[in-house]
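S.K.: Here are the chains, one letter per residue:
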Amino acid sequence: MRPVLYVMSFLALIALGFWAYRENYATQGALKEVEALQRQIVGLHEALTVQRAEWAYLNRPDRLRDLATANFDRLGLLPMEPSQFGAAAQVAYPRAKLPDVSFTEDVQGTITTDAEGL
Amino acid sequence: MRTPLRPLARILHARQEGLNPDTIEKENLKLRHEAIRERARGRAQFRLLILCASFVIAFGAIGARMGLMAATEPMEPRASAPGAEIIAQRADITDRNGRVLATNITTHALYAHPKVMVDPKGTAVKLAEIFPELDPAALQRRFTDGRSFVWIRKVLSPEQMQKVHEIGDPGLLFGPREMRLYPNGMLAAHILGGSSFGAEGVHSAEVIGVAGIEKAMDARLRDPAQGGKPLTLSIDLTLQSTIEEVLYAGMSMLNAKGAAAILMDARTGEILALASLPTFDPNDRPTPIVDKTAEPGDSPLFNRAVQGVYELGSTFKIFATAQAMELGLVGPETMVDANAPMQWGRHKIKEFEGKNYGPLLSVSDVIAKSSNVGTAHIALMIGPLRQQAFLKSLGFFEPTPVELIEAPGARPLIPKKWPEIVTITTSYGHGMSASPLHLAAAYAAIANGGVAIKPTLLKREGPTTGVRVMSEKTAFDSVAMLRRVVTEGTASLGDVPGYEVAGKTGTADKPKKTGGYYDDKVVNTFASVFPASNPQYVLIVTLDEPQDDTLSETRRTAGWTAVPVASEIIRRVAPLMGLRPKLEPVAVDAVTAASN
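Chains as they are written, first to last, in my numbering: chain E, 1 to 118; chain B, 1 to 596.
Be aware that a few hints might be false.
[What the hints assert, rightly or not] Only part of the chain E face toward chain B is listed, based on derived beta-carbon distances under 7 Å:
(1) Ala20
(2) Glu23
(3) Val50
(4) Ala53
(5) Tyr57
(6) Arg60
(7) Met80
(8) Pro82
(9) Phe85
(10) Ala88
[As the list claims (entries may be wrong)] Derived CB-CB ranges, DEER-like:
(11) Leu67/E to Gly146/B: 32 to 40 Å
(12) Gln536/B to Leu31/E: 40 to 48 Å
(13) Glu353/B to Arg65/E: 35 to 43 Å
(14) Arg220/B to Arg65/E: 44 to 52 Å
(15) Leu67/E to Glu553/B: 35 to 43 Å
(16) Phe131/B to Leu67/E: 28 to 36 Å
(17) Gln84/E to Asn534/B: 16 to 24 Å
Keep in mind the hints are simulated off the structure, nothing from the lab. No residue lacks a Cβ here, since even glycine has one placed at the ideal position from N, Cα and C.
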């Protein structure tokens with residue numbers, strides 16, 4: 001009985017040693033990966049900061065004002081004015097809903113190609 | 001095996017011998033006890049040994065670890081997660097809506113190791129081609145005089161870095177740098193101030209604030225415990241930009257030397273915009289003027305809104321009337337003596353252009369017409385001591401507590417003695433000087449119903465508490481008086497339909513350095529509060545040496561200069577703040593007539 005126990009524990013020792021060896025290398029690999037990821041995160045953070053700075057730079061009020069002026073004919077943007085506030089009373093009531101028209105029954109006549117505009 | 005205490009064989013034997021068998025029992029008992037004691041002692045010794053060993057092992061382990069830690073190089077824990085604090089060494093500054101006002105970007109510094117240079121002379125010439133501000137001859141000398149380290153540039157753009165790479169000399173080296181960037185350029189320059197490098201090393205350099213909020217809040221911005229959390233200012237970038245635009249247009253139109261404007265939330269004391277013109281670019285901060293004869297206001301670095309300590313003129317009159325009403329000395333309609341000119345000892349108090357609004361004028365009209373004599377009489381009713389105490393409670397005797405490094409230096413100029421003639425002149429804003437920011441804080445106290453506030457540039461969360469300096473009724477009546485200044489008084493150009501502007505003009509002659517006042521140099525101020533029915537915002541506009549030549553005569557009163565600028569500012573910023581114009585009351589006369 002006792003020799004079997006000795007052999008078993010010896011084998012277990014070898015197995016544990018092998019397991020520890022593998023774990024050691026797996027840990028080192030994981031640490032390396034973490035370091036690489038950290039470097040990547042730092043790089044991305046830097047890129048993010050640069051992009052945030054660029055966003056702020058491109059959206060600086062002076063530039064937007066100049067762009068709005070330069071593209072006035074297309075956009076028609078003007079500074080906000082008090083007259084742009086409206087009162088609720090100025091909003092028209094929605095129109096009464098028209099009855100649905102079913103074309104198959106109610107519309108008569110012919111459609112020429114000109115009128116279609118195609 | 002347990003031995004019996006009375007073994008039968010020995011007992012029988014003893015009985016036969018006629019001995020007492022009890023002695024056998026005693027003897028055996030004694031032996032047994034001895035054996036038990038022996039065993040217990042052995043066990044105790046063993047336990048002590050184990051205990052000893054564990055102590056030795058434990059202390060040995062701690063000692064070994066300490067020795068190891070002391071003897072080895074320090075190392076960062078490798079598995080810790082990186083936080084933003086490692087990346088940003090200086091926190092960003094944002095406006096109240098989170099728009100970036102100051103941030104950091106990574107760039108590089110250029111340095112050289114001349115001893116490892118292949119071609120020092122050629123490199124110097126090529127560097128001077130890339131950086132025109134470098135002198136090739138001086139650079140050559142520095143590369144060849146035997147030193148082993150030379151700084152060439154503090155920051156490089158990526159294009160410049162590429163060009164330096166193309167020179168290809170192994171003696172040219174780059175060090176990473178974090179650079180402060182103000183993406184909005186000249187906007188809010190006086191608030192931000194600027195920054196520069198502190199201690200510089202090859203691998204990094206510390207960025208330190210040199211002026212404005214960058215210097216005042218330097219410790220907060222560099223505090224690693226804040227984890228790079230941005231500093232949120234009370235400034236609104238859109239309002240700031242609009243105000244700077246309008247103010248600049250007004251300043252150039254009126255040929256003013258400088259201008260300042262402050263927009264403040266009357267309830268919290270948050271400064272929503274603070275502009276001072278002329279301005280500068282904090283990315284490329286100009287060097288201060290060293291010429292002793294130059295006035296501080298000549299430098300664009302001078303913050304007129306905070307550092308510009310001027311006599312603020314008639315804008316002070318409302319403080320005299322408010323205090324008199326608070327003390328119950330007068331009411332808005334009380335008639336006071338306004339017979340000009342008023343003789344006081346050797347001094348003669350006159351009105352603008354030698355007019356006479358008297359003999360009697362109601363307190364409300366004293367403000368609307370800006371009567372010096374009327375205010376002087378009200379101030380005399382109050383008396384010097386109470387007047388000083390009131391102005392002190394409004395913050396006029398101390399530098400403003402705003403978070404700018406320039407603020408503590410801008411101490412108001414207070415007369416040393418306070419005889420009655422000073423009481424008179426101070427009541428209409430002469431003889432004592434304060435900054436526009438002081439005025440803004442004091443007007444905020446009137447606007448918010450009588451509570452003194454502390455002006456701040458940091459966004460505040462929740463309501464603020466302050467000391468009450470006047471009753472709500474006094475504050476309400478004062479705003480009503482200020483409203484009359486705009487509707488029928490000296491600031492008639494200041495009315496913005498729908499926004500019920502209330503305010504007070506102030507025109508002060510600039511003092512000469514040699515004593516006395518200039519005839520043709522003035523500081524014009526318009527202190528306004530809007531909307532009058534529920535005052536929320538305070539706007540101060542100050543123009544330095546403006547003059548309006550548009551009509552045939554030259555005008556230098558605030559009503560013609562600062563007021564139109566302020567009204568244009570209000571017209572532009574009020575909608576941006578979401579302030580709905582109040583509809584003009586519809587005439588109800590027709591309806592009442594019909595019902596009669």
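S.K.: Given a cut of 7 Å on the nearest C-beta pair, is the interface hint for Ala53/E held or broken against chain B?
M.R.: OK, holds: Ala53/E within 7 Å of chain B, min 5 Å.
S.K.: At a threshold of 7 Å, is the proposed contact between Met80/E and chain B supported by beta-carbon distances?
M.R.: holds, 4 Å
S.K.: Return the status of the interface hint for Ala88/E: holds when the least beta-carbon distance to chain B is below 7 Å, violated otherwise.
M.R.: violated, 11 Å
S.K.: Determine whether the Cβ-Cβ distance between Leu67/E and Gly146/B falls within the hinted range of 32 to 40 Å.
M.R.: The hinted range 32 to 40 Å is violated for Leu67/E and Gly146/B, with Cβ atoms some 55 Å apart.
S.K.: A closest beta-carbon separation below 7 Å is what the hint needs, so does Arg60/E meet it against chain B?
M.R.: holds, 5 Å
S.K.: Range hint 28 to 36 Å: satisfied by the CB atoms of Phe131/B and Leu67/E?
M.R.: At 32 Å between Cβs, range holds.
S.K.: Kindly confirm whether 35 to 43 Å is satisfied by the beta carbon distance between Glu353/B and Arg65/E.
M.R.: Cβ of Glu353/B to Cβ of Arg65/E: about 40 Å, so the range 35 to 43 Å holds.
S.K.: Just tell me: holds or violated, for the beta carbon distance of Gln84/E and Asn534/B against 16 to 24 Å?
M.R.: holds, 21 Å
S.K.: Taking the least C-beta to C-beta distance, is Glu23/E closer than 7 Å to chain B?
M.R.: Violated: closest Cβ of chain B sits about 15 Å from Glu23/E, beyond 7 Å.
S.K.: Can you tell me whether the CB distance of Leu67/E to Glu553/B sits inside 35 to 43 Å?
M.R.: Check passed, 41 Å falls within 35 to 43 Å.
S.K.: Does the Cβ-Cβ separation between Arg220/B and Arg65/E fall within 44 to 52 Å?
M.R.: This hint is violated: roughly 32 Å between Cβ atoms.
S.K.: Is the shortest C-beta separation between Pro82/E and chain B less than 7 Å?
M.R.: holds, 4 Å
Checked against the numbered hints given earlier, this structure breaks hints 1, 2, 10, 11, 12 and 14; the rest are met.
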